[in-house]
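Going down the list, the sequences are from chains A and B. Here the working numbering is used: position 19 in the first sequence is 19, and no number is missing along the way. Here the working numbering is used: position 236 in the second sequence is 236, and no number is missing along the way.
Treat the hints as calculated values from the structure; they're not laboratory data. Just so you know, nobody snuck in bad clues.
As a list, the in silico DSS-like pairs of lysine-lysine whose alpha-carbon atoms are at most 30 angstroms apart: (1) A:Lys19 x B:Lys5; (2) B:Lys215 x A:Lys19; (3) A:Lys19 x B:Lys28; (4) B:Lys28 x A:Lys25; (5) B:Lys161 x A:Lys96; (6) A:Lys19 x B:Lys161; (7) A:Lys19 x B:Lys37; (8) B:Lys310 x B:Lys99; (9) B:Lys254 x B:Lys185; (10) A:Lys19 x B:Lys218; (11) A:Lys96 x B:Lys247; (12) B:Lys37 x B:Lys291; (13) A:Lys96 x B:Lys185; (14) B:Lys220 x A:Lys19; (15) A:Lys25 x B:Lys161; (16) B:Lys37 x B:Lys218; (17) A:Lys25 x B:Lys37; (18) B:Lys161 x B:Lys70; (19) B:Lys185 x B:Lys70; (20) B:Lys161 x B:Lys99; (21) A:Lys81 x B:Lys70; (22) B:Lys254 x A:Lys96.
So you can see what is in the structure, the chains are spelled out below.
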Amino acid sequence: MTDKQAKPALLFEVFIRSKRGLDHKHVGSLHAQDAEQALEYARDCYTRRSEGVSIWVVNSSDIVASQEEDAASFYDPMEDKPYRHATHYVLPDPVKNM
Amino acid sequence: MTNFKLSEPELEAAFQQRVDNEQKIEPKDWMPEGYRKNLIRQMSQHAHSEIIGMQPEGNWISRAPTLRRKIVLLAKVQDEGGHGLYLYSATETLGITRKELVDALHEGRAKYASIFNYPSLTWADVGTIGWLVDGAAIVNQITLQRTSYGPYARSMVRICKEESFHQRQGYEALMVMAQGSAQQKQMAQDSLDRWWWPSLMMFGPHDAESAHSAKSMKWKIKRNTNDELRQAFVDQTVPQAEYLGLKIPDADLKWNEARGHYDFGEIDWAEFERVINGNGLCNRQRLDHHKRVDQEGQWVRDAVAAYEDKKRARQVA
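One chain only, chain B, in its complex shape (with noise of 0.2 angstroms):
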């Protein structure tokens, strides 16, 4: 409230040192414009993933091999919505609505994860899907439980919990596969094969290519670089895909001891680029099923309006 008196670089130094401190910035605070939009990106497109990603695997729902693998599913998907709401809301807090941002998804203004316009084929998808897409998506989120911005930190740590289900339901459901009959195996061997590279791509480019890093890294709304979270990615999920008997389809991928890490090859940067510049497989099926069920249930908005405009007119009444 004392904050008029003071000029926008003296703002901007006692904005910089709470950050430095480790203090978490809240909503009313005093903000840099560059902090408050680089914020509404990662934080939009963060809720865009959690919602796009919904499809390929609710593309399993209705043929899930059993009851139980079908209710599993379903209370993952469940999840996802859940969790695009949470980030909604935590980025309606920086001052912009839910349509603005839901229209920046479908002019292709805002992006979201690219793993989601690859298909998710067969059965074994569903279960590659929670260990490797969600096993990515935790090791990036854990480290956001610490974000310089109050709203997606907290959001984070409701979502981390939530999480760990679905990574370890998909992993289960691969061991089942993978300890199955050779046909059954074969088919998680070629999921594996098909998800591994764009599971490494959700880090983002490198960290000297990476447009948006050295700010977000200074602000603290990214609290470890690409790099590193690909690599944490990867020296945790090799010992898993040994337990399973698969095989990563890396030929550099070999452990380090004097790094104490795995080394691991060259990522496809040129498909990177062709997928998250809408080129990917299904990008434009993604986009156009979002737009359609946005547009099917409009009646639903309507009705709903309609039926509070009845009961405030019979208040009056």
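In isolation and in its complexed conformation, chain A is listed as follows (with noise of 0.2 angstroms):
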């Protein structure tokens, strides 16, 4: 132990493409130093099994997250527009393809 005090480890979120052409998923978070160190620590954590192709990190603190209680004003107004679905139009059986 040096008399110097440790930065305290940063909280980074972790996300994997797991193949080509899929998005990147959520898998989890770690803690790391700076961006560089949670990549590999990810690595070394979350793709043991070759989970991934593709691994992204991203400091918690940058995340900007909806509240699930603020849900009703976010999106109620959705609720009432069933008309953006395709289903919504009832179109008679010789019309195919659509």
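Could you fit the two chains together into a complex? Lean on the hints.
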């Protein structure tokens, strides 16, 4: 131990692309001193069985998230709009390919 | 990360190998400059089409015949704006800015689907645009879900899911007109007469004449040729017109038993060239409108930026 105070580790969120063509998916988080280290830890921690072809790490504090309690004001206006769905339009059987 | 040891031809070979193996190319991968350029051209043209395409339909929002038609049309036009945003964002993963893309549109260096240079003269046109124009776009976009560039393919999946409502609402609106009074039916027929050929032109020139096709196919940016897609569209649309009791304005259109496809007449390529080169009925209007609205919206962007500055200044204080 040195007398120098260790910099507290930062929390990173880890996203992994399991296969080319797919989106990166959130898999979990980890502590690291910086982004580069987080990337290496993420490799060790989350891809030990070749789970991914690409990793993203993002500082957890950089994530801005909506809250479930806000759902009412956030999503309510969408609920009474069934006409945004294709199935809302009833077409006769002979009309195929739509 | 180990790529720095490879020469350009080796990189290109590895890239092509990946494409041939049906693997997607992702933003951070090495890619040939031509691939990047070709994608930027096609994807930005696609994005511009979504945005410019809001105009002919937006034209009818305030005059929709019922409240239901009005909210449906509003939702559709809103979707098109959203599709433009998905596509601009996906294009930006190629290392170009939104501003550069929009500047290219304003300066005439980037194109958009020439179909939107035709005017929407009657309410029936809103139905026809949904049925034919969105229908043609869907035929193209379904195949683009398999395009080789990951972000483009993924935005296509999302867009296709939403487009289906667009086509169905259009067809439904036309069904009402085609089954309505003689005057309504005539209006629907007139609309089909005007939009049929421009819809076929949406698929672009014949394969032999298409400037970008060969490379785009090799790189699997495009998955089917212009002529293949056009044929698929005709085949699926003819029965839909028959159901409406409307006549497609093509004397050469007939079922070819041997080919298992409809034969159809030749497109007026002189008109295609004229419109694509800026001299269609609405080219200037569409672009002027886009520029004007862009300028008129500047104060909103300024206000957002000013508010951001103010918030930041408060945090410092």
